[in-house]
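Colleague: Quick note, the sequences are listed as chains H and W, same order.
Numbering-wise (the working numbering), the first sequence opens with residue 1 and increments by one.
Numbering-wise (the working numbering), the second sequence opens with residue 1 and increments by one.
Warning: the hint list may mix true and false statements.
Copies of the same chain look alike in the list, so a pair counts if it fits in one copy or across any two.
DSS-like cross-link-like pairs, simulated, lysine-lysine; straight-line CA separation at most 27 Å [as the list claims (entries may be wrong)]:
#1 K199 - K135
#2 K258 - K273
#3 K218 - K248
#4 K272 - K258
#5 K272 - K93
#6 K248 - K165
#7 K218 - K269
#8 K258 - K269
#9 K218 - K135
#10 K272 - K218
#11 K218 - K165
#12 K272 - K248
#13 K273 - K248
#14 K77 - K269
#15 K76 - K269
To be clear, the hints were calculated from the coordinates, so they are not data collected in a lab.
Protein chains: 2
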Amino acid sequence: MKLIVDAFGGDNAPEEIVMGVLEGMEEFNEMSVILTGDEAVLKELLTGHGHLMPRIDIVHAPERISMDEPPVNAIKKKRNSSMVAGLELLKNKSGDGFLTCGSTGAALSGALLRVGRIKGVLRPALAPILPNGGKGVMLIDCGANMDCKPANLEQFAVMGDIYMKSVLRLDNPRIGLANVGTEDEKGNALTHEAFPLLKARNDINFVGNLEGRDVFEKADVIVSDGFAGNLLLKSIEGTAAFLMGMIKREFSQGLRSKLGAGLLMPSLKRIKKTMDYTEYGGAPLLGIDGVIIKGHGSSNAKAVRAAVRQCARMVNADVVEIIKERLSAAEL
Amino acid sequence: MKLIVDAFGGDNAPEEIVMGVLEGMEEFNEMSVILTGDEAVLKELLTGHGHLMPRIDIVHAPERISMDEPPVNAIKKKRNSSMVAGLELLKNKSGDGFLTCGSTGAALSGALLRVGRIKGVLRPALAPILPNGGKGVMLIDCGANMDCKPANLEQFAVMGDIYMKSVLRLDNPRIGLANVGTEDEKGNALTHEAFPLLKARNDINFVGNLEGRDVFEKADVIVSDGFAGNLLLKSIEGTAAFLMGMIKREFSQGLRSKLGAGLLMPSLKRIKKTMDYTEYGGAPLLGIDGVIIKGHGSSNAKAVRAAVRQCARMVNADVVEIIKERLSAAEL
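One chain only, chain H, in its complex shape (with noise of 0.2 Å):
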């Protein structure tokens, strides 16, 4: 297998990328890479690994996309960038598989441009997973799509449910429809719509409605427009931290909350390991022809790390020769 790695995308780019890109070759010994970025900078990370270096081509392309950079004029233009180059790659079947950390709004212009979408599915989606103590919440989608129609939360829902039964071995993956009540009835225009489509396919499992309180135990996979997806994410993402630096703030302030803090360091750090994104990989882009992972813009060298073993296991369970079958089906 042969995983493409922008490896100048991302806030901590291209040190922790490099390094978790490494480390991840450690764990799989059939894995190869190629790396996409300053080929200079890159060869100085290199040293010292003399050992993978059989393992590890690099496309030179200096460019780099930034974060805040409009994302379709910077694909359209920047076309020696890491970010362009590795689509390329990937278009190319260069490789296997394609990991990103850099701007979520280029990956998804990128794919769309550079890769294309499988045919027969009307809308890509981008996918991140949840921690949750257990295999992880797939939030689909969470900002590749901002206004939806029904057909496109049906297709999002098969989607989800390939990957968590392929990638992440899921038996029935559960499938909610975000809402704003668990009765059937509940809903917007939109989910009125999708409610009866979901309901209707007897190749998932669909639990109902959820609400955004049920988002951690009722269901393995959340379907909902990217507007309503990426507002659910960023809230958890926005109490969590609120939460977790109340906590900190008052757990190191007097003597007694100190000694305190140090007798609950393993609870502490057990709570912290069980909402860590960076042991859950990134997010998948689901439904373009090609599999690409986008990782967190701040990923250090364990959540790449995490983030190339997602895109190996992706690539193993052939999950976009599923979703072909699965969404050219007569009932789409």
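Guided by the hints, dock chain W onto chain H, whose structure is given.
Modeller: Chain W in isolation, oriented as in the chain H frame:
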């Protein structure tokens, strides 16, 4: 001032409702109340509070609307319910404000059907105040309007501004638009159109687009359609509950943890207090031609007392009159 209270709405009605109201009356000497519900039960509950009796009227309305009844139906059929009786009393000006901890759907439908909108208000909104350690953050709308138009969001912003200024006495409340990114051009069709409307108003302090993670720090009022707002609200509640549950489990495992937790008790109590919605009261229903507070369904006496206080403040601040003035202005 006379408040009308639905004594039989909510999970802990009527006991906790009545207790909270009595506590509120001790706080506000000039306040009298009308309790709606089963007269015999209420009289029984009021035994021993003789000194307050001259300030309490009971309106016998023995029917109850349950949390899961179809709202419109319930409001139309259960004319002798504690909820409908309370709304009718508000409508005919027998009291200055109405508090219910009953079904949100029934409160919304009932408010529209029995009390009606303020002239000029396109859609009333449900606007809970989230605990943030300070005066709180208003999320408007949180479920009254599933599918919104840009002009609805504009009005939500103005009504939120009015509430924060007049009831919570914030000088220059920051109004943010819930969105998927902070850049001006982000969003779905609705926010794209709402953004310039909000920006063009010189009577509010519009701070632009905000992400789900910005809720607690970057604004005093978060404007959203009711679908996304409800998901946002409940995902915040769900994440906080998930985390606090995990902390509780971890901190009670083994002697070492228990000892640490004991030392941290004052800190943990402060954290709990910061997040405690019972300190912040309920959700005003803004845009209705009368003061209505929808308390949390699971309100205990303390939460009811806070909601009574909030209801009184909203009456004193003349919120309904100010909304009338500002939303009948030429701009809308």
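Colleague: For a quick check of understanding: which of the numbered hints are violated here, in increasing order?
Modeller: 5, 6, 14 and 15
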